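As you go down the protein sequences, you meet chains D and F in turn.
The first sequence: position 130 = 130 (the working numbering), numbered continuously.
The second sequence: position 85 = 85 (the working numbering), numbered continuously.
Don't read these hints as lab results, they were simulated from the structure.
Treat the hints with care, as some may be off.
What the hints assert, rightly or not - The calculated lysine-lysine pairs, modelled on BS3-like cross-linking and capped at a C-alpha distance of 25 Å, are: (1) D:K216 x D:K113; (2) D:K268 x F:K25; (3) D:K375 x F:K268; (4) F:K370 x D:K289; (5) D:K268 x F:K407.
Please read these numbers as outputs of a predicted model, since none were measured by experiment.
Number of protein chains: 2
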Amino acid sequence: MKVLGIIAEYNPFHNGHLYHLEESKRLSMADFVVCVMSGNFIQRGEPAIVNKWARAEMALFSGADLVVELPTVYAMASAEFFAFGAVKILDSLGIVDFICFGSERGSIGELEKIAEVLHQQPASFRRFLKEQLDRGLSFPAAREYALRRYFGDDSAISGDIEQIMGSSNSILGIEYLKALKRLGSHITPLTISRIGNEYNSEEITGSISSATAIRKLISDFPGRDFTSKLEKVLPPSSLAVLQREFKHGRGPVFPQNFDDIIIACARKMTAEQISSLPYVSEGLENRIKEAAGISGSFNQLIENISTKRYTRTRLQRSILSMLTGLTSTEFETFNKFGGPQYIRVLGFNPKGRQMLSMINKKATLPVIVKTANFKNSCNPLLRRMLDIESSATDMYVLGYSNPEFRKAGQEFTQNVIRVDVPAQAGCSQSPSQQL
Amino acid sequence: MKVLGIIAEYNPFHNGHLYHLEESKRLSMADFVVCVMSGNFIQRGEPAIVNKWARAEMALFSGADLVVELPTVYAMASAEFFAFGAVKILDSLGIVDFICFGSERGSIGELEKIAEVLHQQPASFRRFLKEQLDRGLSFPAAREYALRRYFGDDSAISGDIEQIMGSSNSILGIEYLKALKRLGSHITPLTISRIGNEYNSEEITGSISSATAIRKLISDFPGRDFTSKLEKVLPPSSLAVLQREFKHGRGPVFPQNFDDIIIACARKMTAEQISSLPYVSEGLENRIKEAAGISGSFNQLIENISTKRYTRTRLQRSILSMLTGLTSTEFETFNKFGGPQYIRVLGFNPKGRQMLSMINKKATLPVIVKTANFKNSCNPLLRRMLDIESSATDMYVLGYSNPEFRKAGQEFTQNVIRVDVPAQAGCSQSPSQQL
Chain D
1 MKVLGIIAEY NPFHNGHLYH LEESKRLSMA DFVVCVMSGN FIQRGEPAIV
51 NKWARAEMAL FSGADLVVEL PTVYAMASAE FFAFGAVKIL DSLGIVDFIC
101 FGSERGSIGE LEKIAEVLHQ QPASFRRFLK EQLDRGLSFP AAREYALRRY
151 FGDDSAISGD IEQIMGSSNS ILGIEYLKAL KRLGSHITPL TISRIGNEYN
201 SEEITGSISS ATAIRKLISD FPGRDFTSKL EKVLPPSSLA VLQREFKHGR
251 GPVFPQNFDD IIIACARKMT AEQISSLPYV SEGLENRIKE AAGISGSFNQ
301 LIENISTKRY TRTRLQRSIL SMLTGLTSTE FETFNKFGGP QYIRVLGFNP
351 KGRQMLSMIN KKATLPVIVK TANFKNSCNP LLRRMLDIES SATDMYVLGY
401 SNPEFRKAGQ EFTQNVIRVD VPAQAGCSQS PSQQL
Chain F
1 MKVLGIIAEY NPFHNGHLYH LEESKRLSMA DFVVCVMSGN FIQRGEPAIV
51 NKWARAEMAL FSGADLVVEL PTVYAMASAE FFAFGAVKIL DSLGIVDFIC
101 FGSERGSIGE LEKIAEVLHQ QPASFRRFLK EQLDRGLSFP AAREYALRRY
151 FGDDSAISGD IEQIMGSSNS ILGIEYLKAL KRLGSHITPL TISRIGNEYN
201 SEEITGSISS ATAIRKLISD FPGRDFTSKL EKVLPPSSLA VLQREFKHGR
251 GPVFPQNFDD IIIACARKMT AEQISSLPYV SEGLENRIKE AAGISGSFNQ
301 LIENISTKRY TRTRLQRSIL SMLTGLTSTE FETFNKFGGP QYIRVLGFNP
351 KGRQMLSMIN KKATLPVIVK TANFKNSCNP LLRRMLDIES SATDMYVLGY
401 SNPEFRKAGQ EFTQNVIRVD VPAQAGCSQS PSQQL
């Protein structure tokens, strides 16, 4: 009996995800699939288009048996810590055999080689990296340069470094491999080629489109006449879940829904308070404070802060931490004490339920099905991580148009999602999630 | 040469205000008129429909010669402190002879009698008041009862107490009289009867309508086809200013524009932080914190908190102090050290400029025309009061739909409004305020 682990955001779950899920199952010949999925805020520092329960439900309708949550602390972290958090959770389940990720560039061998360098950090690599950072290059650019220098002789790989490190998916793949090394995990990594258009492409073409393109389409048609276009690129069950959520006024949630809150928070916070946010240092707090004054929206704020050194996604993650309350000191503490403090179940189907009984025996972290039961956990780090999750959700729901669903505390009242049909039965069971 | 002082919010300036202004001038035979006007937030704990510079301009077009600001600390205070702040500023100008306020109930003699009791607080009155507060009555209800008991014998007034104390304008009038007593001011108070419909009436009838009715009309027609109705109840110059502001996306600003910010702030603040807000005590902080969780809008929040004891306007003032940053300790400090710390000029016409040169000689508080010059004042209370004003404006502008005007720092960059036509020339000079 084999278990496949997948790391995802499903924002929203589309045909590309379905293809990846099915190919991964075929390749790994796994009997069970568990997804670790970002919560209400995603890695690029944005709110997800619909909430995590709806997105877990989409995954369960399309082939996942169990969906667990990547806590916001790690879901909204740099690629390195996003990957670490996700791999740590998969590893902690105690039953995962494979992890399968998409990669449009680089064989697993090449990615492994790079991951090894980044994990071991040989002295010469460290020197090359420091030189470039001192020259004022952004971290990704400096790292790419240092890798090229390091692999100078190994011509087979050094020619591909630029392509590999220029792909956000390959970078994530490398980080997954690094995390497996760091944890001494026995999970076997597999890659499959991605098909369809690029991750960040904004065009809808054919049956496979990027999540970015899909979100843009929804954003461009607030009148909602996008069904015929979305039908081509989403499994029917995903479309049904999305439509139900939108109908109830629980989305679509976009970054601009948080314009007022973000600008108000940034104006109210002192530079010193801002400097306590993750990834804010070296005077960036003053830059943010100043930009808060001249910016009227989240987008303007980011544009007014970003430079070659401070990338947009990094800044968005810092700024959204104003909403969750996570500080850089807390983030360091979590990292020092093992990372994620719990395995939180978002949803399952009957096979997922079977997995849960195995997990309950083998897991190396507490398994949370009812969050309310863990409000008084004796582990202060667990309580704080759950508290941040709860704050994130209390803010996320302010992105809804329907006041009825803007209530706080849903982190503790929302039931785990149960899907009773076999995976991939599509829409035969109509989505029925209640919030 | 006589100077008339008027206390107003002009939210917006309408025919009723024009009537009051003209009647007050006629009654006092004054040569000059100075208005002390609330800033961007008003006494009932709401944002003003357009900003203070636009509202000052309306007043200058309709008969005021000089408009000075009632700092938000006092503009958004209870009737007692609103009146104290406003009267203190008029008194500090050193040139005001009369203050004239509207009152639909009670002669000035009756109001004076009540003001004297509330100012002197005779022992028997204090006892009656305490009894009722201990019974759980709201402060206004307990005060009314205690006054009735106190005047028991003086049948001429006691029969009218209920009517007088049931009118928010009479209560304000009494507070103006109390403040004059407290300050030992030489200003002579005058009252004139109000005409047209009630302060809080929501109906547009005839040529005089309440500001509430006018705001409701604007709110009900977001498509802006309200010109023909507003023409009847606003001076043409007021309508022109409003239309210009709306056209530029600087309004109309309504409480609901702050729904997201207020709910997010209330959810982010701890009960302890909330307890530092003005007028929050005796566990109200927990009530607010709890309500923040279950409320999706400012209105819902207030509805979920208010009780017989905590009136809606009192709560709105506390909640909006989250935006300005004013704490109850600071408020007490300001009151202890004289109240308003400065006289801030919002606008003037040529006669107002003449007044300013007289004021500069006689004023007992610093006169601010350029706020930026006072950022480094040696008086820490002045700096803090200006800082609160600036925070209030930085938040207020987030109520604008046009991102261009949502920039912070307008408190220090907006020029004073100069209107060059003689007062009441109406719209012959078209409003041209630039922000």
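Now for the hints, and whether the structure bears them out:
no.: 1; hint: D:K216 x D:K113; verdict: 36 Å, violated
no.: 2; hint: D:K268 x F:K25; verdict: 43 Å, violated
no.: 3; hint: D:K375 x F:K268; verdict: 18 Å, holds
no.: 4; hint: F:K370 x D:K289; verdict: 24 Å, holds
no.: 5; hint: D:K268 x F:K407; verdict: 14 Å, holds
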